[in-house]
Amino acid sequence: MNEKLLEVKGVCKDFGGLRAIDNLEFHIREGEIFSIIGPNGSGKTTLFNVITGFYPATGGKVIFKGEDITNLKPFTIAQKGIARTFQLTTVFTRDTVLDNLIIGHRLRIKAGLVGTILGSHSNQEEERRCREKAEEILEFIELTRQKNMIAGNLTQEAQKRLSIGMALATDPQLLLLDEPTGGVNFKEISSLVSLIEKIKEKKVTICLIEHKMKVAMDIPDRTMVLSYGRKITEGSPRQVSQDRRVIEAYLGKSYAA
Amino acid sequence: METAAKLFPTRKLIVLLLIIFAFTIPFFVTSRFILHILIMCCIWAMAATSMNLIMGYTGQVNLAHGAFFGIGAYSAGLLILKLGINFWPALILACAITVFLGFLIGLPALRTKGSYFAIGTMCFNVIVTVIIDSWEGLTEGARGLLGIPRPAPIPLPFGREITFTSIGANYYLILISLLLTILIIYRIVHSMMGRTFMAIRGNEELAESLGMSAMKAKLLSFLISTFFAGWAGVLYAAYIGFLSPEISDYHVTFELLTFCLIGGLGTMVGPLIGAFILTLTSELLHGIAIPRLVAYGFVLIIIMIFLRGGITGGVRTLWLSLGRKGGR
Numbered sequence: 001m002n003e004k005l006l007e008v009k010g011v012c013k014d015f016g017g018l019r020a021i022d023n024l025e026f027h028i029r030e031g032e033i034f035s036i037i038g039p040n041g042s043g044k045t046t047l048f049n050v051i052t053g054f055y056p057a058t059g060g061k062v063i064f065k066g067e068d069i070t071n072l073k074p075f076t077i078a079q080k081g082i083a084r085t086f087q088l089t090t091v092f093t094r095d096t097v098l099d100n101l102i103i104g105h106r107l108r109i110k111a112g113l114v115g116t117i118l119g120s121h122s123n124q125e126e127e128r129r130c131r132e133k134a135e136e137i138l139e140f141i142e143l144t145r146q147k148n149m150i151a152g153n154l155t156q157e158a159q160k161r162l163s164i165g166m167a168l169a170t171d172p173q174l175l176l177l178d179e180p181t182g183g184v185n186f187k188e189i190s191s192l193v194s195l196i197e198k199i200k201e202k203k204v205t206i207c208l209i210e211h212k213m214k215v216a217m218d219i220p221d222r223t224m225v226l227s228y229g230r231k232i233t234e235g236s237p238r239q240v241s242q243d244r245r246v247i248e249a250y251l252g253k254s255y256a257a
Numbered sequence: 001m002e003t004a005a006k007l008f009p010t011r012k013l014i015v016l017l018l019i020i021f022a023f024t025i026p027f028f029v030t031s032r033f034i035l036h037i038l039i040m041c042c043i044w045a046m047a048a049t050s051m052n053l054i055m056g057y058t059g060q061v062n063l064a065h066g067a068f069f070g071i072g073a074y075s076a077g078l079l080i081l082k083l084g085i086n087f088w089p090a091l092i093l094a095c096a097i098t099v100f101l102g103f104l105i106g107l108p109a110l111r112t113k114g115s116y117f118a119i120g121t122m123c124f125n126v127i128v129t130v131i132i133d134s135w136e137g138l139t140e141g142a143r144g145l146l147g148i149p150r151p152a153p154i155p156l157p158f159g160r161e162i163t164f165t166s167i168g169a170n171y172y173l174i175l176i177s178l179l180l181t182i183l184i185i186y187r188i189v190h191s192m193m194g195r196t197f198m199a200i201r202g203n204e205e206l207a208e209s210l211g212m213s214a215m216k217a218k219l220l221s222f223l224i225s226t227f228f229a230g231w232a233g234v235l236y237a238a239y240i241g242f243l244s245p246e247i248s249d250y251h252v253t254f255e256l257l258t259f260c261l262i263g264g265l266g267t268m269v270g271p272l273i274g275a276f277i278l279t280l281t282s283e284l285l286h287g288i289a290i291p292r293l294v295a296y297g298f299v300l301i302i303i304m305i306f307l308r309g310g311i312t313g314g315v316r317t318l319w320l321s322l323g324r325k326g327g328r
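From first to last, the protein sequence lines stand for chains A and B. First residue of the first sequence: 1, per my numbering; consecutive thereafter. First residue of the second sequence: 1, per my numbering; consecutive thereafter.
Everything labelled a hint here was simulated from the structure, so no lab data went into it. No residue lacks a Cβ here, since even glycine has one placed at the ideal position from N, Cα and C. Mixed in with the good hints, there may be bad ones.
Straight-line distance between alpha carbons at most 25 Å, and here's what the computed DSS-like set of lysine-lysine pairs gives [unchecked claim]:
id, chain 1, residue 1, chain 2, residue 2
1, A, K187, A, K212
2, B, K216, A, K73
3, B, K216, A, K80
4, A, K133, A, K203
5, A, K147, A, K187
6, B, K216, A, K110
Footprint (simulated), chain A over chain B, 3 or more residues, beta carbon under 8 Å [to be verified]:
id, stretch
7, 181 to 190
8, 201 to 214
Here are some, though not all, of the chain B residues that point toward chain A, as calculated from beta-carbon distances under 10 Å [said to hold, decoys possible]:
id, residue
9, A96
10, I97
11, M193
12, M198
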């Protein structure tokens, strides 16, 4: 339970002269929900992009299950067991919900050229496995009724569910959620929260970026606060919310007294 | 769902009837002219179908397809004429050469995206034509390659053989090649591999985050499509018997592009419909003095404005609006 699943060691990320992430050190333990909060532009999404290989790190190391994964390609990192969602909800808008989930499991099969052309038995078996996975996830994210709908026509909340489902279809050990409740109305938040808690029960470690207080206070086991690319503090949500430096970062010096 | 289930067998039946019809044509059509037109339709349909894989299904606008058609044709012509290789090994070698050059070009070109990829591949197309035109020592330049023989006979047991001297035999060879192309591309499109290609088309970044290597998938799709372009080129070379640099020109690319767009990009039948209709009309209207590319231009503009999905897309919309609820 307390084993370090992901370790970030002194990671830096520069965009030209701007240091978006500055010598960041933290770790995520296996089985927990870890949240990252911070004012706009504090480097949260940049951090996700560095961990998942979308941006190369300027310095430092990212270690996953004891293995150095710094600057590997995004698809390699996904294959190693880190899945992510994006801030702007991203699904394959022209495909059906089921098709979206089927392709989510693609990385766990081979789908070789010769087998594809000959329509070999093993290839059909692989496709069947992807379909089974998709059906399983469909039930888990409670979109069974919308199975054959075109993903682009779903509500924002359902698209969020679907994007989380696609990430889950990759069989990850660590799931990075970038604002899972962003752009969703207040009533629908609780259903996403219960989905996140359900994922935790499945023994998937979760790291999330969150703005909404209800979510940021209630679900995480531990919270890290970023400001201008630096870690201000880390601890339980309650602890963190009382921290003077955090209040200062969000509201300015005069409120921090 | 139920309508789709009911529709499926009828669709299979229609395809089967069409194939049988295609095979019986030489029995009642004796006109060499009509058979010639049908052969040209099949060759262009093959090239357009292969272009559809990279462009329609993988979403990469490859404007070098005509070059690969030309490379296949010239490789076969040169192998047969200059090295005296038999047609069948030359066919395989020419396809291999096309794929190899496709690999060399695909590796750098596929690093670019969207319109940059389109421009990059189009430049490659122009370069290929210029090389074929000016490397007179090898390709005879603008004079062209003359006298490429028809496919060599295939020996059968008991001293018999299949010859390709008659136009009917050539028709069958090219028809079977087309059907094979369609079958293989159909298999690919309707498999997990095809799903991967379409995921790249939908959103490359998302596909990468789900563990798919976009480069690998795009390169694979590109190489498969160049393979069939090369194959179609070889068949063209052996059937027509004469090659000039224009066969690799970017005009050919745009003609193939037009076939795909008018028929319906990203559908199995689209490129076939486009290739057959446009080849038929342009061959039959040979006497009328409308410059063909100008006419294509107008048709394309109309299709782009009123019928974005091409003929296939139009028919599908019509079908859905007719059948009240409509299956897929």
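Going down the list of hints, with the structure as the test:
no.	hint	in the structure
1	A:K187 to A:K212	13 Å, holds
2	B:K216 to A:K73	12 Å, holds
3	B:K216 to A:K80	18 Å, holds
4	A:K133 to A:K203	17 Å, holds
5	A:K147 to A:K187	23 Å, holds
6	B:K216 to A:K110	13 Å, holds
7	181 to 190	holds (count 3)
8	201 to 214	holds (count 12)
9	A96	15 Å, violated
10	I97	19 Å, violated
11	M193	5 Å, holds
12	M198	7 Å, holds
Hints 9 and 10 from the earlier list are contradicted by this structure; the remaining hints agree with it.
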